[in-house]
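One letter stands for each residue in the lines below.
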Amino acid sequence: MISEIGHFALALAVMVALLQAALPLIGAAKGNRALMELAVPTALAQALLVLIAFLALMYAFVTSDFSVEAVAHYSHTTKPLLYKISGVWGNHEGSMLLWALILALFGGSVAFFGKNLPLVLKARALGVQGLLGVSFLLFILFTSNPFQRLFPAWPNGNDLNPLLQDPGLAFHPPLLYGGYVGFSVAFSFAIAALIGGKVDAAWARWVRPWTLAAWVMLTLGIALGSYWAYYELGWGGWWFWDPVENASLMPWLVGTALLHSSIVVEKRNALRAWTILLAILTFSLSLLGTFLVRSGVLTSVHAFAVDPARGIFILAILILVIGGSLALFAWRAPSLKGGGLFAPVSREGALLINNVLLTAAAGMVLVGTLYPLVLESLNAGKISVGAPYFNMTFGVPMIPLLLLVPFGPILAWKRGDALGAVQRLYVAAGLAVLVLLVTLALTFDGPWLAALGIGLASWLMVGAIWEWAERVRLFRVPLAQSWRRIRGLSASAYGATFGHFGVGLTVLGIVGMTAWRTEIITVLELGESRELAGFTVTLKSVEDLAGYNYDGESGIFEVSKGRMTQNLQSEHRIYRVTGQPTTEVGLRTTPLGDLYVVLGDPQENSERPAWVARMYYNPLVSWIWLGALVMAFGGGLSLFDRRFRVGAPQKARAKTVPEAQGVSA
Amino acid sequence: MTRKQRRTTFVVSGVTVLAVATLLILSAMRDSIVYFHSPTEVAAASFKIEDTIRIGGLVATDSVQRGGGETIFFSVTDMEATIPVEFTGILPDLFREGQGVVVEGTLDGSGTFIAKSVLAKHDENYMPPEVADALKKSGAWEEYQDGTMDTSDGPTARSKSDGES
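Chains as they are written, first to last, in my numbering: chain P, 144 to 808; chain Y, 58 to 222.
In case anyone wonders, no lab produced these hints; they're calculated from the structure. A few of these clues could be false.
[As the list claims (entries may be wrong)] Some chain Y residues near chain P, calculated using beta-carbon distances under 7 Å:
#	residue
1	L81
2	I82
3	G126
4	D150
5	F152
6	E187
[To be verified] Derived lysine-lysine pairs resembling BS3-like cross-links, with alpha carbons at most 25 Å apart:
#	chain 1	residue 1	chain 2	residue 2
7	P	K410	P	K525
8	Y	K61	P	K410
9	P	K683	P	K704
10	Y	K194	P	K525
11	Y	K61	P	K525
Computed from a predicted model, the values in this text were never measured in an experiment. Note that beta-carbon positions come from the ideal geometry of N, C-alpha and C, so glycine has one too.
Work out the full structure: start from the sequences and follow the hints.
See the structure below:
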């Protein structure tokens, strides 16, 4: 019964979304106030209906209603409650419903908090949001109905893929989708602005909190996914340039460019057409990501069982949205001409370089990701593009970008002083070079590129702090005066400092992991030891294991170095319901590096019991994800900037963002 | 800077970036493209030893030999041809005899494939598209779908055992 209510709510939501799409857009075209005002109630109603549908599905999962196909296929009575709930989006149907829910909630939030938006802009943006809602709700109803009943009901379910029964992955999809779908708001506002032909500082200020919220969630989602792959898949790596990973990286790169270019629109009223284009591209790449993941057209380590008919439906949505919005852009963008002028060396110029390099990097990733598809459709053979391609084409635009990051915030708007910027940063540069030389001296036998990388990471971090110190004139004016400046600095200035500092931390982790990682694969008898990166690792015992819904064996490894001794446990789990095996990694995390041990297969023909074991020492690896956390923190901080609050139009807006985040978490 | 000059700068820098990007893509692609082949194609054609390729097929039944230390031996088959594979490391959790697998590596002189990586899948029901294609080409796809396939050299038939309800 509850499921039927959910199904019915979903069907109603399509109708409401249709109204939300049609009436306000017509109203805006005809100048009919009453029609435009319908945007708000319809958007709220759509959000409420999709929420009811989602809760109904969650209810079916939590109560283990195996007469619902999705529940029967992906759940089981013995599953822990957390995974019963995360099972809702651990399958195709439910995850698409989550997609639609987040879309509707973002639309609803715009309606709810946008009381002071100009009516025409709001009507158009919510109308576009409604169009997106219609497409995805129809997609769910026609190809992926999560409320499909089974008759007769199964006595019990098939259980969720054990790899997904993990706290990290329980929250990864909502965060990632929050990011993907959150960019739909920037997209809808961009389309609304294109129709209206007006993009100005106020527009940029209205859109910014939504873009920031989406970016923060996408950053966290990608980091969480990467960390999950690191500790759950047992390969010891953190990024594989897999199509599905690339699918999430591309909107992040272009979204980061969008965050920076919209500052230029807001402060200087320049780069307007470009910013609109970026908003369109960011959401288009999010849709492309959804398509790549959901259609299974690319071989990916992350691919799950898929149905080609669904792929074609999403492809149709993709073509309509991207084609339609780009056509509209081509038609209307010329009317956005002009804007503030600026010299090449200026804050605007720096942000433009940032944009060009970020989009170039995203373009390179796009080419590498789609190239196999293009070749295959031309019958030119099946290929895959390997990591060396991505490392090279991604690295080349990234290095100048990272080198230039500390200059950006120091340059003045309109006309900057390159020499002055260099003079103001020479201490930071000196410190970075010092770190580089020390690293070189400490690792004289190691790769010299690594020392350069560490130097680059310190340049980013010191540069971020230095820029902050410059702003508060630390040690140049009396401390009390600096303190006043510290307190007076805007939240978005702190956001930028944290964001750029976080990039430095992530680079630090990447360099450490790339340059100094050590690995051994070996056969260990009980009691045998191996040396790895100064640690002694001993296989102490292998014991039987009985977990909540799995059995297996657990290898106890003793790790010692000097006086430190610690036991690490790597498990082989066999999940009772599916019989699917998984491997749990034994991990010792320290700021300097991770010791990572994996128990492999037992040796079949040896005299004494022995196991294959794989061990890694991953230097500095946790900074990769901590850096992403710091970046996301910076983004979150920017959300609390005064300018989103001060004055009537922004009053309600500042509150929206924690709301939007709370919804998806 | 006038509007016209700015536009020129913009266009020139855009074209430069595009040109650099294209060059970069072309040169990086050359070394990173890995072609996919079915076991039949690998058996028929000759490959240079330094060519990295991918082979997709099913893991032949009774072909997996562990116990020789860290190195594992198994064969990949599309029911037409069978290629012996050598892999040093830990196999993915879902590696099973009779199931689809994609291996990436190089052929040695004797026709053994030295795998650098064995592609894991996350889901029992998932079949890598390359493997499905290889089986379709060799005509073994229908059999695999029916669950009547015999991937061993011996007489015992083996059904698709996992994940199907």
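(message) Which constraints among the numbered hints does this structure fail? Numbers only, ascending.
(response) The structure conflicts with hints 5, 7, 11, although it agrees with all the remaining ones.
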